[in-house]
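Peer 1: Chains as they are written, first to last, in the working numbering: chain A, 1 to 240; chain B, 1 to 606.
There may be inaccurate statements among the hints.
What the hints assert, rightly or not - Derived DSBU-like pairs (lysine-lysine); straight-line CA-CA distance at most 35 Å: (1) K158/A to K4/A; (2) K176/A to K130/A; (3) K571/B to K130/A; (4) K68/B to K39/A; (5) K85/A to K15/B; (6) K130/A to K39/A; (7) K202/B to K174/A; (8) K354/B to K174/A; (9) K158/A to K15/B; (10) K158/A to K571/B; (11) K130/A to K586/B; (12) K241/B to K4/A; (13) K50/B to K85/A; (14) K14/B to K241/B; (15) K158/A to K224/A; (16) K354/B to K216/B; (17) K241/B to K39/A; (18) K208/A to K50/B; (19) K216/B to K144/B; (20) K174/A to K464/B; (21) K464/B to K85/A; (22) K163/A to K523/B; (23) K354/B to K130/A; (24) K535/B to K464/B; (25) K15/B to K176/A; (26) K586/B to K131/A; (27) K174/A to K39/A; (28) K542/B to K174/A; (29) K542/B to K224/A.
What the hints assert, rightly or not - Listed below are several chain B residues computed to face chain A (Cβ distance under 7 Å; list not exhaustive): (30) S32; (31) N360; (32) T505; (33) V512; (34) M540.
No wet-lab data here; the hints were simulated from the structure. Note that CB positions come from ideal geometry on N, CA and C, so glycine has one too.
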Amino acid sequence: MPGKITLEIDGVQIEADQGQYLIDAADNAGVYIPRLCHKPGLEPYGSCRLCTVVVNGRHCSACTTPVANNMVVENATENLQDFRKMIVEMLFVEGNHFCMFCEKSGNCELQGIAYRLGITAPQFPYLWTKKEVDASHPDILIDHNRCILCARCVRTSKDLDGKHVFDFTERGDKKKISVNSSARLAGTDVDITDQALDSCPVGALLRKREGYQVPVGQRLYDLKPIGTNIESPSTDNDKK
Amino acid sequence: MTDSIECMVEVACKKVGCDPTRLLDVLISIQSRSQCINNETIDLIAGHLKTPRVQIESVVSFYTFLSKEPKGKIAIYLSSDVIDMLKGAEEVAAAFTDELGIEFGQVTDDGNFSLDWTSCIGMSDQAPAALINGTVVTELNVEKSRQIIRELKIHMDPDSLVKEAGDGNNSNPLIHSMVRNNIHEKGPIIFGLLNRGDAIRKAVRMSPVEVIRALKASRLRGRGGAGFPCGMKWEYTRAAKADCKYIICNADEGEPGTFKDRVLLTELPDRIFAGMTIAAYAIGATEGILYLRAEYVYLLNFLEEILQRRRVDGLLGQNIANCEGFHFDIRIQLGAGAYICGEETALISSAEGKRGDPKNRPPFPAQSGYLGYPTSVNNCETLSCVTKILEEGSASFSMHGNRQSTGTKLISISGDCTHPGVYEVDFGISLRELLNLAGAQSPEAVQVGGPSGQLVGVDDFERKICFDDLPTGGSIMVFDASRDLLQIVRQFMDFFVEESCGYCTPCRVGNVILKNGMERIIKGNGEPQDLVQFKQTAEMMKSCSRCGLGQTSWKPVITSLNNFPSLYAEKIQIDPDGFQRSFDLKEAVRLSESITGRVSTHSHQK
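Taking the hints into account, I'd like the entire structure generated from these sequences.
Peer 2: Structure, rendered in structure tokens:
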């Protein structure tokens with residue numbers, strides 16, 4: 001049985017299990033550290049960098065850093081929140097995110113975090129990169145315009161669905177999700193019941209014809225800011 | 001044709017025992033034989049290696065020298081580095097284009113030639129340079145470039161372009177290259193005399209712990225750039241418990257303007273291999289890997305031959321140097337074109353047959369590196385120093401240099417100087433002394449440490465080359481007053497955009513934002529707010545990026561802004577009419593103009 005240790009986040013003592021990642025320990029203690037690529041149940045990935053915190057004076061991502069006894073962590077400082085805003089804004093200008101037409105609006109974690117951090121419009125110029133849409137599959141859609149390259153679908157397909165439907169191709173600013181077939185998504189063994197489809201934090205991977213089953217205004221983050229389910233789990237009725 | 005592709009894939013896969021961790025070898029072999037790795041080939045490889053096809057496509061698309069689209073039977077890659085550019089690479093490019101009738105990124109109709117740009121190929125001392133099917137051609141000019149194409153059209157044999165081989169081992173038949181060493185200063189450590197095998201024989205008479213102690217006493221720090229104490233790295237790797245450990249030599253010298261490892265690999269490979277063997281003894285490794293950048297493939301056969309000779313002489317293999325139970329051998333892993341693979345965890349990913357993505361730390365390679373085993377990754381030059389330290393003792397090493405930076409440093413100097421080349425100097429030498437050695441007549445600005453280092457001006461020339469003042473992995477680029485520094489900074493940012501692996505947001509997007517900002521400023525559309533945003537973006541990239549690339553790639557912008565503020569000030573003016581200069585009205589309406597077929601009233605103005 002792993003022992004309990006204590007650490008400090010923004011001056012508050014919390015308990016954690018040995019071997020836990022910092023972000024999970026914070027979740028258990030009701031402390032929300034913003035994140036996009038992290039998802040419980042998946043291997044830590046560390047790509048979005050939103051969960052960057054300062055641990056004993058050094059910057060690191062909370063989702064890949066194991067806890068240690070007496071760790072001193074800074075999380076919700078003004079400086080780190082400014083960095084996070086910049087990261088979210090970068091994701092917005094890198095892709096083509098039209099929240100007003102997006103069926104994920106209200107359930108979108110990128111949008112949710114943008115609102116929580118108080119972003120109204122990105123400070124960076126839009127890059128207006130031309131991206132593709134793969135609508136080849138009868139029931140499932142990939143819209144690269146909205147993809148934030150978090151690898152949640154890649155990891156979920158591999159680790160939870162036991163397939164390898166998705167992976168990244170290219171590098172740098174051309175990096176994109178690709179599928180395990182030369183004939184687009186329709187050529188893969190993806191299935192409408194795959195958990196990978198539920199792993200997408202944004203509107204890049206969608207089941208067709210389901211977008212508006214829950215009306216706008218009644219969706220997850222329409223009701224409460226993202227992270228609320230971590231900060232006050234007792235009042236959380238909407239947790240999936 | 002189909003038969004032969006199938007056959008080729010089968011042979012390449014079987015050669016590595018259908019081991020998916022050796023995917024890179026398979027891909028390199030197929031690319032060189034069939035000029036591409038297309039969908040059909042990917043499916044075939046996927047079948048043999050029992051690996052999902054998308055994973056193979058993922059790796060193919062990551063590396064510069066692998067491609068899904070066919071390249072020419074003769075694939076020309078011209079180095080696009082800043083130094084190549086200021087030595088006339090653009091004229092060379094125009095000559096190639098003109099002779100071949102194709103643009104860069106294209107293949108001739110007969111499939112014989114392709115033209116592409118590539119990042120620095122480690123020939124800045126003899127720029128402009130290009131790779132032609134792995135053969136290096138140097139000191140190109142318009143006439144030479146035209147001649148090269150005309151000749152190739154006749155014989156289609158890049159090796160025949162080498163009329164006169166370079167000095168030293170460059171003329172060894174196994175290398176046979178026109179590359180010249182350009183060694184201008186030989187110091188006592190790297191270029192000091194050494195008896196082959198002595199260092200290993202001395203090491204095995206000591207205990208592994210004593211070897212590590214000797215290294216710690218020498219205070220040797222990693223030469224690749226980061227400067228981590230070598231003895232400590234080995235101690236951690238030794239302490240990790242595992243049945244198998246690895247020593248990897250980082251010969252992926254990719255920092256633009258660096259070429260000193262090229263010279264080490266050409267002239268002193270025995271010293272590198274001896275250093276690896278000593279490392280293996282100290283940390284308890286039985287296998288070693290030399291990760292050789294693709295650009296140095298022309299050295300491969302020569303290096304293999306050196307390894308073979310060491311096996312024959314009992315310096316590799318079983319019971320090395322008659323030390324009972326000390327077994328160790330080295331294989332060479334060829335890269336496929338990716339700057340990021342110089343980062344040690346990205347290098348490990350690449351050697352494992354994956355994309356060159358850096359890994360999350362912790363765990364550090366000393367705990368879990370190559371294939372999950374404890375691994376020490378050391379630079380060529382560091383390992384060469386190890387050999388000297390074991391041969392002559394720590395004290396004779398640490399008497400050179402200064403307190404925090406002991407020993408000597410190999411420096412690659414290029415750009416506006418009369419003697420570009422390699423210099424072995426004591427750490428602590430001032431930048432001015434170095435510039436004088438290289439014959440830099442009127443240096444105005446110097447990029448110290450490559451693009452991820454700093455751009456300094458005359459005020460900083462008295463500063464010392466060492467870890468605590470002006471650190472460098474070896475690259476020094478000199479620019480005189482005729483150079484446009486803002487353009488150079490922009491080119492550095494182009495390089496980082498091209499070479500970012502794209503894994504994390506700050507680096508993938510941040511570099512693009514900085515590059516676009518530089519372009520805006522150069523065009524005269526910059527605003528004071530841009531400079532504020534540069535600093536904020538840089539601060540975030542430094543703090544939040546996942547690896548050293550994004551943590552330092554902002555430096556060209558910020559150090560030039562700090563050290564040459566007037567260059568920016570001249571370009572940034574407040575618009576007299578109060579307009580936002582960064583908003584390019586003409587550009588903004590261009591698309592709608594082309595759709596409607598009308599010219600807007602704004603376009604008539606000015």
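Peer 1: Hint by hint, say whether it matches the structure.
Peer 2: To see whether the hints hold, each was checked on the structure:
Taken as a hint, the K158/A and K4/A pair is honoured in the structure, with Cα atoms around 32 Å apart against an allowance of 35 Å. This hinted pair checks out: K176/A and K130/A have alpha carbons roughly 12 Å apart, not beyond 35 Å. Distance check on the hinted pair: K571/B and K130/A sit about 30 Å apart at the alpha-carbon level, within 35 Å; holds. Proximity of K68/B to K39/A is assessed by CA-CA distance (about 33 Å); at most 35 Å being required, the pair is judged to hold.
The hinted pair formed by K85/A and K15/B fails the criterion: a straight-line CA distance of about 50 Å is larger than 35 Å. About 28 Å separates the Cα atoms of K130/A and K39/A, which keeps this hinted pair within 35 Å; it holds. For the hint pairing K202/B with K174/A, the CA-to-CA distance comes to about 51 Å; that exceeds 35 Å, so the pair is violated. The hinted pair formed by K354/B and K174/A meets the criterion: a straight-line CA distance of about 18 Å does not exceed 35 Å.
Between K158/A and K15/B, the direct Cα distance comes to roughly 28 Å. Compliance with the 35 Å bound is thereby established for this hinted pair. A threshold of 35 Å between alpha carbons decides the hint, and for K158/A with K571/B the separation of about 51 Å lies outside it, so the pair is violated. Taking the CA atoms of K130/A and K586/B, the gap is near 21 Å; set against the 35 Å cutoff, the hint holds. For the proposed pair K241/B and K4/A, the alpha carbon gap of about 25 Å is at most 35 Å, so the pair holds.
Proposed proximity of K50/B and K85/A is contradicted: the alpha carbons are some 42 Å apart, above 35 Å. Proposed proximity of K14/B and K241/B is supported: the alpha carbons are some 32 Å apart, at most 35 Å. A C-alpha spacing of about 32 Å is found between K158/A and K224/A, which places the hinted pair at or below 35 Å, so the restraint holds. Distance hint between K354/B and K216/B is fulfilled; the C-alpha atoms sit about 34 Å from each other, no more than 35 Å.
For the hint linking K241/B to K39/A, the alpha-carbon distance of about 31 Å falls within 35 Å, and the restraint holds. Note on K208/A and K50/B: the hinted pairing holds, with a Cα-Cα distance of about 32 Å set against a maximum of 35 Å. Restraint check: the Cα-Cα separation between K216/B and K144/B comes to about 50 Å, which exceeds 35 Å; the hinted pair is violated. Taken as a hint, the K174/A and K464/B pair is broken in the structure, with Cα atoms around 39 Å apart against an allowance of 35 Å.
Note on K464/B and K85/A: the hinted pairing is violated, with a Cα-Cα distance of about 39 Å set against a maximum of 35 Å. Distance hint between K163/A and K523/B is unfulfilled; the C-alpha atoms sit about 49 Å from each other, more than 35 Å. For the hint pairing K354/B with K130/A, the CA-to-CA distance comes to about 27 Å; that is within 35 Å, so the pair holds. A threshold of 35 Å between alpha carbons decides the hint, and for K535/B with K464/B the separation of about 26 Å falls inside it, so the pair holds.
With a C-alpha separation of about 31 Å, the suggested pairing of K15/B with K176/A holds against the 35 Å cut-off. Restraint check for K586/B and K131/A: the C-alpha separation of about 24 Å stays at or below 35 Å, so the hint holds. For the suggested pair K174/A and K39/A, the alpha carbons sit about 24 Å apart, so the restraint of at most 35 Å is met. In summary, the hint linking K542/B to K174/A is supported, as the alpha carbons are separated by about 22 Å, within the 35 Å threshold.
Among the hinted pairs, K542/B with K224/A is consistent with the structure: their alpha-carbon atoms are about 33 Å apart, no more than 35 Å. For S32/B, the suggested interface contact is broken, since its CB lies about 21 Å from the closest CB of chain A, more than 7 Å. With a least beta-carbon distance of about 4 Å to chain A, the hint placing N360/B at the interface is held under the 7 Å criterion. Restraint check, T505/B versus chain A: the minimum CB separation of about 5 Å is within 7 Å; hint holds.
Of the supplied interface hints, the one on V512/B holds, with its beta-carbon coming within about 5 Å of a beta-carbon of chain A, less than 7 Å. Look at M540/B: its Cβ gets to within about 5 Å of chain A, closer than 7 Å, so that hint holds up.
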